[in-house]
Structures are given as structure tokens and as C-alpha cells.
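Asker: Note that this note's numbering has the first sequence beginning at 440, numbered continuously upward.
It is worth saying that the hints were derived from the structure and are not from the lab.
Among the hints, a few may not be true.
[Stated by the list, open to error] The calculated label-pair distances, taken between Cβ atoms and stated as ranges, are:
| hint | residue 1 | residue 2 | range |
| --- | --- | --- | --- |
| 1 | 698 | 590 | 17 to 23 Å |
| 2 | 633 | 562 | 25 to 31 Å |
| 3 | 602 | 459 | 30 to 36 Å |
| 4 | 583 | 540 | 42 to 48 Å |
| 5 | 627 | 485 | 48 to 54 Å |
| 6 | 569 | 707 | 34 to 40 Å |
| 7 | 589 | 523 | 51 to 57 Å |
| 8 | 686 | 633 | 24 to 30 Å |
| 9 | 514 | 590 | 28 to 34 Å |
All C-beta atoms, glycine included, are put in the ideal place defined by N, C-alpha and C.
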Amino acid sequence: MPELPEVETCVRGLRPYLVGQQILSLQVRERRLRWPIALETDRQVAGQSIRELRRRAKYLVLELERGALLIHLGMSGSLRLLPAPTPPALHDHVDLLLGNGQCLRLRDPRRFGMLQWVPAPAEAHPLLSHLGPEPLAPGFDGAYLHRRAAGRRAAVKTFIMDSEIVVGVGNIYASESLHLAGIHPNRAAGRIAAGRYHRLATAIRAVLEAAITQGGTSLRDFVQEDGNPGYFARCLRVYGRTGQPCAGCGEPIRQRRIGQRSSFYCARCQH
DNA sequence: CCGGACGCCTGTCGGC
DNA sequence: TGCCGACAGGCGTCCG
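Build out the structure end to end from the sequences listed, making use of the hints.
Answerer: Listed below in C-alpha cells is the structure:
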């Protein structure tokens, strides 16, 4: 999936084209996503205008006149804006037909994504109500992480990927942030000093902001809404670079599984 | 409460 | 060339 920078890139790119548009109808070709798209969704959103498009964690939130349409891209989802008559390809599951003749198309080969209408406000939805802070918003800092980590024995990488702790830090950016902060991904979260959490919070923000600036990491299934890949992939320092020299010290990058996810790190730079 | 494992899907890649 | 297992950006749920 798209991680936070990819979703943010998507939101920023789509916003000028979506805000103010009326939704004429929803065409669902495959409703079996992470959760089935409810049969009444078309009836609920048809005729409503899009008031605003924003991001919360990795959810896209289309604020409508009544309620909101939540979209999550899962591991392999993408959104594109196309002329309405464009014939759908394999895995193009949902079309949102707009008043200006455009079509917002959701493609998701693995079907881990979701699309759901909720009565306002979106934050009341059970999937959003327990989410932790946004990493790029005020209030997310080293003191917060240090406090939440107290007594935790889980690996710090697993800890920062927990969306109740902080949202939007996926598998790529968790490895990247820990490398930048000089922290070993397998270190117990509760055994890291406050000063090092300050470095980690700063690193998380820096990595995410850099990725957003670059338009999101280019990976197999991600394209921006205009179809162009992002350019952050070339900036990755450890993710997917097993055996290649660490940019800081030259030591080969190591790979191991932490919490059932591949993790990349430098054993010399990260402790 | 916490942490670890599992499952949901399809596509791709490397090894034999 | 073909087959088969491992693995891929997420995350809710279950179990101990």
C-alpha cells in the first residue's frame, strides 16, 4: 500500500478536481473488498456534492453534504481520474461518476482496501475512533513516544507501526526512520531513552515530509492519480537494499523479520 | 492490557 | 519452459 506519503500525494493531487463536484452515481463491479461495499452505498452518496477531500491516517475522507465517503487503498489500491467512458480493466472495482463527466476509479488487485459511506463525522467511525496522532501534526514528539513506550517490551519498529501509537508509519518508513535515528529496529520500545525518542520523532517527520515532497515512493502498485510514479524510491537508505552498503558507514544492510514484516537496518549505525 | 500469529487476496519473482 | 513456494506497501481479529 500506499503509505502516508502516497495517500497524502493522492489527496493533494485529487483535491482540486474533486472538491465541488457532484457525485452522480457509484458503479461497483466488485464489492468484496476488505469489507464488502454495502449495497445501499450508491443510494447514500448519489446526488451529494464533495465538500472537501482530506486524509486521516491512510484513509482518504471525502466529506459530502451529509456524511463522508471513506476510502482505504490497502496494499495495492490506487485511484485515478479518467474520462467517464473509459472502459474498466481487470481489478478496476469501483467508479465514482462525477457531474463534470470525470470518473474517479478505484483499482485494487488484492482487495485489501475499503470504501464505505459513514454518517458524519468520519472520526466517529469505529476504524478511525481509536487512531493515534498524525505524525506531522503538533503534539507528536519524542516526549509523547517515550511516554507511550513505557513498559513496552515489543520491538520499537512494531511499536511505531501501531496505529494507536502514531498513524501512517508503514513498513517502508518505519525502517527508514529508525535508520535515520540510529535506533535498532528490534530494540524493546520501553528501553529507549527520551532523548533518542526525540531523534526518532524528528526522523519520522523528516522521512515522511521528504517522501511527500518527492510525490510518494514508487513501488509496483502505486501510481499517482495522474498515472506518474513517485520519485522517493531512489531516496530509500535501507528498505529493499539488503547487502548493499550503508550510506553512513559502508556496512552491508541487513534484513530480518520483525513482527512478521521484513525489516532493513545497519547493524553498525543502529543500536 | 500486551504481544504475537494469522488471514484476507492477487501478482511477481526466484529457484529447481 | 513450468511449477511451487515465498513474499509484497495494511490491519483487524483472535488467542494465550
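Asker: Work down the list of hints and note, for each, if the structure agrees.
Answerer: Cross-check of the supplied hints:
1. 698 with 590: 17 to 23 Å: 18 Å, holds
2. 633 with 562: 25 to 31 Å: For residue 562 against residue 633, whose Cβ atoms are near 30 Å apart, the range 25 to 31 Å holds.
3. 602 with 459: 30 to 36 Å: The hinted range 30 to 36 Å holds for residue 602 and residue 459, with Cβ atoms some 31 Å apart.
4. 583 with 540: 42 to 48 Å: 46 Å, holds
5. 627 with 485: 48 to 54 Å: Holds: the Cβ-Cβ distance is about 51 Å, inside 48 to 54 Å.
6. 569 with 707: 34 to 40 Å: 38 Å, holds
7. 589 with 523: 51 to 57 Å: 53 Å, holds
8. 686 with 633: 24 to 30 Å: 27 Å, holds
9. 514 with 590: 28 to 34 Å: For residue 590 against residue 514, whose Cβ atoms are near 32 Å apart, the range 28 to 34 Å holds.
The structure fails none of the hints (numbered hints given earlier).
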